[in-house]
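Enquirer: Chains A, B and C supply the protein sequences, listed in that same order.
The numbers in our numbering rise by one with no breaks, and the one at position 265 of the first sequence is 265.
Numbers given in our numbering equal positions in the second sequence, counted from 1, plus 1000.
Numbers given in our numbering equal positions in the third sequence, counted from 1, plus 2000.
Watch out, some of these pointers could steer you wrong.
To be verified - Heads up, incomplete: computed chain C residues facing chain A, CB under 10 Å, no partners named:
1. Arg2050
2. Gly2054
3. Ala2057
4. Gly2072
5. Pro2074
6. Pro2075
7. Asn2076
8. Tyr2225
9. Asn2227
None of these hints come from the bench; they were simulated from the model.
Here the structure is a predicted model, which means the values were calculated and not measured.
Ideal placement from N, C-alpha and C gives every residue a C-beta, glycine not left out.
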Amino acid sequence: MIPSIPQPKFYKGLYSTYIALFFVYLSAPLIVVGVFAFNDSLFPSMPWEGGTLAWFFGNEDPYIGIFNDTKLLESVGVSAFVAFWVTVLSVTVGTCNAFLFERSKFPGKNLLYIVSLSPLVIPGVILGISILVFSNAIANGIEEAIGWDLEFLRPGLFLVIIGQFAFVTTITTLVISARLRKFDVSLEEAALNLGATRRAALWTITIPFLKPALIGAGIVAFLMSFENFNTTLMLVGSDAPLTIAMFDRLKQGSTPVLNALSLLLMVVSGGLALLSVFVQRDSKN
Amino acid sequence: MNKSASITTGGTFRFGLLLLAMPLLLWLFLLVILPHVDLFLVSMRERISYGKYEFSLINYIEFFAEPLYWNTYVRTAVMSIFATALTLIIGFPVSYYIAKVMRGKGKNVLFLMCLIPFWVSELVRTFGWMILLRESGVISNFLQWAGLADGPVEMLYNDAAIMVGLVYTSMLFMVVPLVSVLDSLDDSLIEAGYDLGGNTFTVTRDIVIPHAMPGIASGCIVVFMLTLGNYLTPNLLGGKDSLWFTEQIYTQFITRFNWESGSAFGFLLLILSSVIVWVGLKLSKQTLSETVG
Amino acid sequence: MADQFDLECRNVVKTFDDFTAVNDISLAIPKGSFFSILGPSGCGKTTLLRMLAGFQAPTSGDILIKGSSVLGVPPNRRPVNMVFQHLALFPMMNVAENVAYGLKRRGIDKQTIAKKVNETLARVGLPDAGPKQVNQLSGGQKQRIAIARCLVLDPAVLLLDEPLGALDLKLREHMKVELKQLQHEIGTTFVYITHDQSEALVMSDQVAVMNAGRFEQVGAPQDLYYNPKTAFVAGFVGESNRWTGTIGSGDDNKVEVILPTGGKVLAKRDAHMPLVEGQNVEIFVRPEAIAIDGASGAENTISAKVENVLFNGAASSLQVRDVATGQEMTVALPQTGAYASVRAGDEITLGWTVENTRCFAANQSGAGA
């Protein structure tokens, strides 16, 4: 149960075995993805044909490595572009929301808070189609009324960014609010008391205090956007972000170049994850 | 945003508040509320000819008339509930181990190890399961090598494979709330339970689980919702016969370009998700803000 | 022989890695007594209590309850119950369910449980609290429920882990009296640990003063206060003026101690404590032992200047400085209200007896209270 309650050895051993098996289950898919990136075979499957780095650097058909696969590299660029804008927008709006919910009082605040949590309980596919339907209705309406064809309201990167922003903002709002809630308002009052203007107090006291949460929220937003599939699937146009491009390849059956790409993704997002953990942990001290 | 921190004279205060609330209102109205209202309206109309629509319930009637549709709907709901229960059963002992059995550094390390797989895209994780489960995959080869199977075994493209993938992909959302709620359980309550004569079973039933109820509820709600709305995992691990409701929505929207019917399906899925989330909250006496906040 | 003790520890040692938390403790608690273990935080008292409850196993030594060893007996089968520091009332159950918890575990039938729960709630003065939720109770009521939850099981020994620590001052004073009365009425053996000397002195029949894993002294409260055996006990129990000095000349009954300021104080020589000339010592004089205006029979007299009057009702005192040596000390004002007119700057004569001046070898470690 807990260490201070004596338990039979057998029971403890059984429990530890279960935990070990759980971690095998947790890590197995990731390990095989990584390992098969080095398999000298045209398919990411058994048998093992010997090691190769061709899936990273190769440029002879069919051994096209990830660094020479223009299509996939382009889609990485598209994803980074989308993720960048989603991060900027959602952290900015999330910060405003945090101040609104934590620092001000107005009628209907609770209702607004509930509504702003709702994107978390709306399945991503539905969020995607609702934005698709609505933006299409606006585009059609404008076209009929004044004859302009607003291309950005049709499926494409703009809608992908908007769609991801719609639910990522809920996450950033929660992360930043949680930090702001812990802020001792008397620190700001002390700054005012020492002669700071409201604006100066905000920039010199409050924002630095929020910094770990802002960075943490930014990392989470970037990763959520980069990895999003459901909402993106419904809103994507001709430029495919990475997840969509990979999905298409997977459906067709791909060479282990996908493993190589996945391995790189794991390394990058694992690194970002650790970074965000450390940023958040520092903020607790 | 600075004006809101304290009480200022009426006019400027209102203006400042409005400025601060603007992004929120734009976000919620343009991207959440109005799109869903529109989705509902579109689902309630019938296309007569190009650009001409009429109010109609035909899309919903079609849903109930066609067994494939509502079978898929019910199947998705049942499988999601099953996956949620399975995730809870597998994740609870692990969360308990991390929160209550481990101490000090090891605890944080184990918790991080639980989280790290989930920073990798769901696509990559599902890809991993495909490599493991397919006919030419790792497990099939292992079974043959170990003499447990005579020929290649196809473990992909069935419900069990879908379940394995769904549970895997949901685990994070179960473990995190459970660890945090179990972490908040004071050791002395468990000790008091034993001190008063309880054993592992009764202390777990009477003290640990009631205490963990909020975490169990929020974990289950989030997992259920994500599973219900999942597209990738059933599609890739279940193959053609996965019959997941999100696939029907995709087909209506993208393949058949029947947005009216697709909207109706979307709305039905949203209702299913909301009703079950609501029932879950009622049963566990939680509120939405507590659950996700 | 052993049966007359409800609880016995024999040479109990508990080490964590290279740290010795409990160092060779032996104790025997007679049936029906209120036994306190008093010590500063980190002295090992909580570890000792948790070993009694079964949440920790001693590294060596034996623990006996009602004459039989309980080593290897898990906490849920020991005939002792514990009131936890933060009470550990189960928030997911109401008051009656909390009290019934242990009885249910014993598989007792519902009617008996209900009857016993009601009796016990009445005994702690909360007959109607049963259906209430735990968070509806006040701090003092929670306390009583935590005790009732244990008493209903009729334990051989009730262990209490600083249960008054979380209460505010007024309530704590009140609960001290209530706990003592309760223990007196029910006659169960209580083992109470605390860092608050006043709790220990007010409630206990016997107090063990614990420091750095060892018992410094075990005795009745009066004993500890008037006849401390070590410098630690003298410093920890009650208020004292505490000075360091070296031994000068002396006889069988008293010694002269030379203070660094040059002042000389005559101190009592304890028969069991060997003191030699030139040895560093610590001396302790209680503020209330110092008489203002040099009462007769006082071997130590000085004239002192009042620096501060610390008025605190019946516990008022003066901070004074020896005119000759500059030595500071604290003197209690008599509770009769005499000398109420003393003001800062006044010069007064002070006197205290050898009997009230305790002297201990200075190499003993110990924190002052």
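Enquirer: Confirm or reject each hint.
Expert: Taking the hints in turn, this is what the structure says about them:
1. Arg2050: Because about 7 Å separates Arg2050 (chain C) from the closest Cβ in chain A, which is inside the 10 Å limit, the hint holds.
2. Gly2054: holds, 7 Å
3. Ala2057: holds, 7 Å
4. Gly2072: Holds - the Cβ of Gly2072 (chain C) comes within 10 Å of chain A, reaching about 8 Å at its closest.
5. Pro2074: Constraint on Pro2074 (chain C) satisfied, holds at 5 Å.
6. Pro2075: Constraint on Pro2075 (chain C) satisfied, holds at 7 Å.
7. Asn2076: holds, 8 Å
8. Tyr2225: Violated: closest Cβ of chain A sits about 35 Å from Tyr2225 (chain C), beyond 10 Å.
9. Asn2227: Violated, because the Cβ-Cβ distance from Asn2227 (chain C) to chain A comes to roughly 38 Å (cut-off 10 Å).
Comparing the model with each numbered hint stated earlier shows that hints 8 and 9 do not hold.
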